[in-house]
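Protein chains: 4
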Amino acid sequence: MTHSFESIAPLLEGQAIELPSWAFGNSGTRFKVFATPGTPRTVEEKITDAAKVNELTGLAPTVALHIPWDKVDDYAALSAFAQDKGVKLGTINSNTFQDDIYKFGSLTHVDKAVRQKAIDHHFECIDIMNATGSRDLKIWLADGTNYPGQGDLRGRQDRLAESLATIYERIGENQRLVLEYKFFEPAFYHTDVPDWGTSYAQVSALGERATVCLDTGHHAPGTNIEFIVMQLLRLGKLGSFDFNSRFYADDDLIVGAADPFQLFRIIFEVVRGGGYGSDSDVAFMLDQCHNVEDKIPGQIRSVLNVQEMTARALLVDRDALLAAEKAGDVLTANAVLMDAFYTDVRPALAGWRESRGLPADPMAAYAASGYQAQIAADRVGGQQAGWGA
Amino acid sequence: MTHSFESIAPLLEGQAIELPSWAFGNSGTRFKVFATPGTPRTVEEKITDAAKVNELTGLAPTVALHIPWDKVDDYAALSAFAQDKGVKLGTINSNTFQDDIYKFGSLTHVDKAVRQKAIDHHFECIDIMNATGSRDLKIWLADGTNYPGQGDLRGRQDRLAESLATIYERIGENQRLVLEYKFFEPAFYHTDVPDWGTSYAQVSALGERATVCLDTGHHAPGTNIEFIVMQLLRLGKLGSFDFNSRFYADDDLIVGAADPFQLFRIIFEVVRGGGYGSDSDVAFMLDQCHNVEDKIPGQIRSVLNVQEMTARALLVDRDALLAAEKAGDVLTANAVLMDAFYTDVRPALAGWRESRGLPADPMAAYAASGYQAQIAADRVGGQQAGWGA
Amino acid sequence: MTHSFESIAPLLEGQAIELPSWAFGNSGTRFKVFATPGTPRTVEEKITDAAKVNELTGLAPTVALHIPWDKVDDYAALSAFAQDKGVKLGTINSNTFQDDIYKFGSLTHVDKAVRQKAIDHHFECIDIMNATGSRDLKIWLADGTNYPGQGDLRGRQDRLAESLATIYERIGENQRLVLEYKFFEPAFYHTDVPDWGTSYAQVSALGERATVCLDTGHHAPGTNIEFIVMQLLRLGKLGSFDFNSRFYADDDLIVGAADPFQLFRIIFEVVRGGGYGSDSDVAFMLDQCHNVEDKIPGQIRSVLNVQEMTARALLVDRDALLAAEKAGDVLTANAVLMDAFYTDVRPALAGWRESRGLPADPMAAYAASGYQAQIAADRVGGQQAGWGA
Amino acid sequence: MTHSFESIAPLLEGQAIELPSWAFGNSGTRFKVFATPGTPRTVEEKITDAAKVNELTGLAPTVALHIPWDKVDDYAALSAFAQDKGVKLGTINSNTFQDDIYKFGSLTHVDKAVRQKAIDHHFECIDIMNATGSRDLKIWLADGTNYPGQGDLRGRQDRLAESLATIYERIGENQRLVLEYKFFEPAFYHTDVPDWGTSYAQVSALGERATVCLDTGHHAPGTNIEFIVMQLLRLGKLGSFDFNSRFYADDDLIVGAADPFQLFRIIFEVVRGGGYGSDSDVAFMLDQCHNVEDKIPGQIRSVLNVQEMTARALLVDRDALLAAEKAGDVLTANAVLMDAFYTDVRPALAGWRESRGLPADPMAAYAASGYQAQIAADRVGGQQAGWGA
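In order, the protein sequences belong to chains B, Z, G and H.
1 is the number of the first residue of the first sequence in UniProt numbering; add one for each residue after it.
1 is the number of the first residue of the second sequence in UniProt numbering; add one for each residue after it.
1 is the number of the first residue of the third sequence in UniProt numbering; add one for each residue after it.
1 is the number of the first residue of the fourth sequence in UniProt numbering; add one for each residue after it.
Listed next, the stretches of chain H that the computed footprint assigns to chain Z, with coverage defined by at least 3 CB atoms under 8 Å from CB atoms of chain Z:
(1) 217 to 224
(2) 328 to 336
Under the rule of at most 25 Å between Cα atoms (straight-line distance), these lysine to aspartate or glutamate pairs were calculated in the DMTMM-like manner:
(3) Z:Lys237 with Z:Glu208
(4) G:Lys32 with Z:Glu180
(5) Z:Lys32 with G:Asp294
(6) G:Lys237 with H:Asp158
(7) Z:Lys112 with B:Asp329
(8) H:Lys32 with B:Glu180
(9) Z:Lys237 with B:Glu208
(10) Z:Lys103 with B:Asp319
(11) G:Lys326 with H:Glu162
(12) B:Lys326 with Z:Asp111
(13) H:Lys32 with B:Asp120
(14) H:Lys117 with G:Asp329
(15) H:Lys88 with H:Asp127
(16) G:Lys32 with Z:Asp111
What the hints contain is simulated information worked out from the structure, not anything from laboratory work.
Glycine included, each C-beta is placed from N, C-alpha and C at the ideal position.
Using the sequences plus the hints, can you model the full thing?
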């Protein structure tokens, strides 16, 4: 019932999945962060690792930075360094959750001085974007409260709108403000941007260059995420994806690891809604934590998972789907979808990679490369990168 | 820390909670509907029961109808009947989920003929509104799918927009279209209006007289409902509440029975956001199923729960809250809220009721009235009302 | 990394998945039950449909009965009828949730007379088992309460233990009592057997021939079901499966439709724990509702899903898994599992079926058979079977 | 409908809620740990703060230690120090989740050497118990995996049983091993002791002095926790409570802050099941994190919440409840419960406290005491205590 791999192969050209610099640093839970040999100490080492992922997969041409974790003195030099490694700098991610002043909020804080500090941080991020040539400023806000009564929900929302408007004014003509939403964590009672509806309402008030970032791990249990994908595409407000997977909360596991069928459905809605391909400006990114697994192959596995699932989603015969829907034939409609999902695209993709001068099996190629042993030997001393660094 | 009851008592005047006619009929689960003696056989008997609730509580001056369950030949006569009993007819609820033709959807159906039938049903509802003088047309849509692939999510959403626009055109100057959202059930894979964001996006496209209905039982586990209340009030799109409570899914239990503190927080946000009082047009309604408990006292208990919680919400010292927030004093802020919640307003409310010629204890008054025995004796034969009737 | 299909093919021989008679009748939600042409009116017609599933798949040699829905005067005759169609009668399911007397419970009811009636019903079921030669009495209990305070949780649990002990005494030497648990529905506040722990504690107190039934749709959101499978196998108390799938609550969708990877993990734990194959007495059953899809092909699809997933689970190279675990190599361990999951076993299974005289594609064979048109034409008049019948 | 406060007041005597030493140190999320002035640097300072809570409330006579966070050279001296401050040392909590060697598990680890190290740690804890005179060894196990395939669930469970048996052998005649369960975190795919059933099965295999610890924040969404309380009491295996509250995951908020009615129902089941009072050996403890609120008043608020809720639970007229249940009168049964819950016990408790020489309002007394300013001034320099210390 599905299309042939040959017929969809051209659509795989040019697929790009941005890597987060922080995925190469150490991460963990509130209980423990386990360190691993070879972990980067500098942003240059993170970029070098990211470039390795791109070298082996051809899928990850850009690296997202997180400020201040990836702050440097000379962004032009950093861009040049990246280019030298074969990648570019991508999205700039702001951080207003680690300074003591943000204990009770940042862009939503009841105190104007704190809000201004948070706004200034975003101005600094925009300056960096101008230096790096980055398109997107991504704002994930940790703001929220832990106890009912702690904050005036409405006051905070109004202040958020005001702060975002101030930041948005500074955004360049070819730049975008992308607002991420998250169900909960680190705040437990309420989060100031908890759902797509809030993010959508806020960015709609800003203007055309403000869009929503959908992190696949940031929803309530049972949420139909592909429905949100469809809706945001329909409303013209889907800016980017943070891909990862989760069983319970925001586990930040390897994308596709927890529920591969859900990933398939999500990407299928992206394709169906026009969010995939060179005509679309929807950005695909990873946002993951490799707490117990090796980080570089963890990223390789992740971009391959996205690629494989994209291939399966492209295989779906949408005409057959529509015909079955019109006939009220539920089982056939479902079978059309499942047929694509159950198709083993891996052998065809291996061949496709080889035909482009890439390793047929990037995981095996990495294991055979000696890179991991090399960085473990080389990167001795210094402070390994992590969320606090 | 709280205001005195006396200071907030005037604000309790005029509180009105609409009763659903169907709460007086039999209801149940897919496993079994238990019947009870005295259950109404006709819409007139339902209205009579609803009027009893209002007589004893002074809180329930209107009754919502559900079409076709409450269809009659002469709505003017029905209005007069209600008026005679001391109540008015309120919101008209449409039903596009029980006709065989709606198996795969109604306003979203892939077949134009089915959509037209569903639109026509809403036209009929508007005709009834014109006859009864009702302000609100409430649309809860059961549309959705059970299996991935069964429907084109985007196509359905676009058709929904088109259908709603057609209905909205027919809505009178002093009428409103209120669109309810629901997380899941009766559809299991996807629901066409699953969250407030979708309802908000749809009604925003329609115009000023289209708003959102928030049913307190229609959310994913863990959802912060009072945040949504705040947001919809902020966006000017909160039309009405369907009150009930739930432990797991859409249990439709007595409002306040499952999580009284949540009800308190919700009503507090209504008050804080300007959604309560004579200046606001936010409608308070019940939408409940009394599967195992007596229906009339179940409704009395429910409106009392809303009234008691409203009193507690009004007791909150909002200046003290704001001061604590500004001071970053989390424990005091929380204490201000909890103090109002833990205040036992019941004795004061009993006195307040008596001062208005109402029974101090409406539950006891009902039990003592002999009404239940009377209807059990009188209403013999005929077909008891239920969801299928 | 996986075994070859040839090496695991012998293990597919003899796989048996019991069909529920009620899956062939109409079902729905509290909102609506949609009827379909050709739906059985009698238990004989249900068995006939079930036999069709077995004829085309070779996977469904037995049919479970539900009492009183499938009550007949002569069970020996019914057994003969089934045998004639090529199947046998299997598990007997009791029903203590549709009689008015059970409004507040059955085996747990506070009134001894009601409990006795429920016990007597189970005695009747055991009589039927003796007549049909069935091994298993499956008890799913709808008992529970909707409101805190409504029932004494402890008293109900103690009475449940007493009732079960009385029933267990009547269970024959070669028979089993299988106690199903369910998170919620139809009761909303509490369910008397809500989790595996309760079922395990209750059956452990009874004796060796009492075991637990795990319905894959009866858990809280986020529950790791394969862990429970492992634990019950370890404790020697996994009696049977009710297979189905769900997105939110107890949706009773086609097994594998909502989360195929979860089904894979569950069956893999069954295999790893010794619960699969001729040495094991763990029973595989379906418990599904085909509300909007055709029922017979819905059942065919379901048993095929179980078979395909069993093949994938058998492909897993457990030695490689263990080696990776010992090496602390998370990515390789996960890859070993995923490799089996992503293997497309469908072509090999089609060939395997043909080599046994079965249709390569049972879904297509059913569609081509004309059976559906025939029963739609034949089964006119009478009362279609459903949950209330 | 409720009992009078006077009639239940005697039952409030002697209520004891153990405080966790770690609640006085800094805590946070994976994103940030905010420090506060006055935070203890040593276990002695933690005990001093805990003693302050007891001094003002009379409710917290013991302090739980966490090893190695609270390791000292001389436990006899530490006991004497505590006694001097007016409190005793209580439960000893082990920690096998912060050493690098435990990355892939501790008592369940596939490598015997790692398991032995974890067992030895528990032996050390028992030595400490012998020195401090503590009764309970509490084991909360972070063991689990993040990815399907990473671990052999069954092998881990069997090794857990073996490790626990080894530890249990060392437990003294008057000591207990208490095994805590937790739904998820820090492991995301599976946790080795995820639910009460697993903990129950494991401790049942050990013997009489092994029981279950129920942490109120460690359940799946929607879980009826009071049912588990009832069941564990019924089975004789409820050892202790870790009280806290949560909206989403294991938020570790102040007990009663998120859902006070749930806390009421839980304590009511404790009372109804015989788990409260001098005859019972069920231990009440707090396990909380005060991430954004002051820690000492956070603990005061917490023990007061438990006390207030206990008073309300004791007020319930259980005879009236039973009578309503027998009559099938759902609304009255629920009203009996709610009447106690809505009773404002705070004024009576204030008087009761005063009559015992305690401050009527411990929160106000703490604020007025100058203690917070004092410790902020005194505790300068050194390393503030936290989870990593």
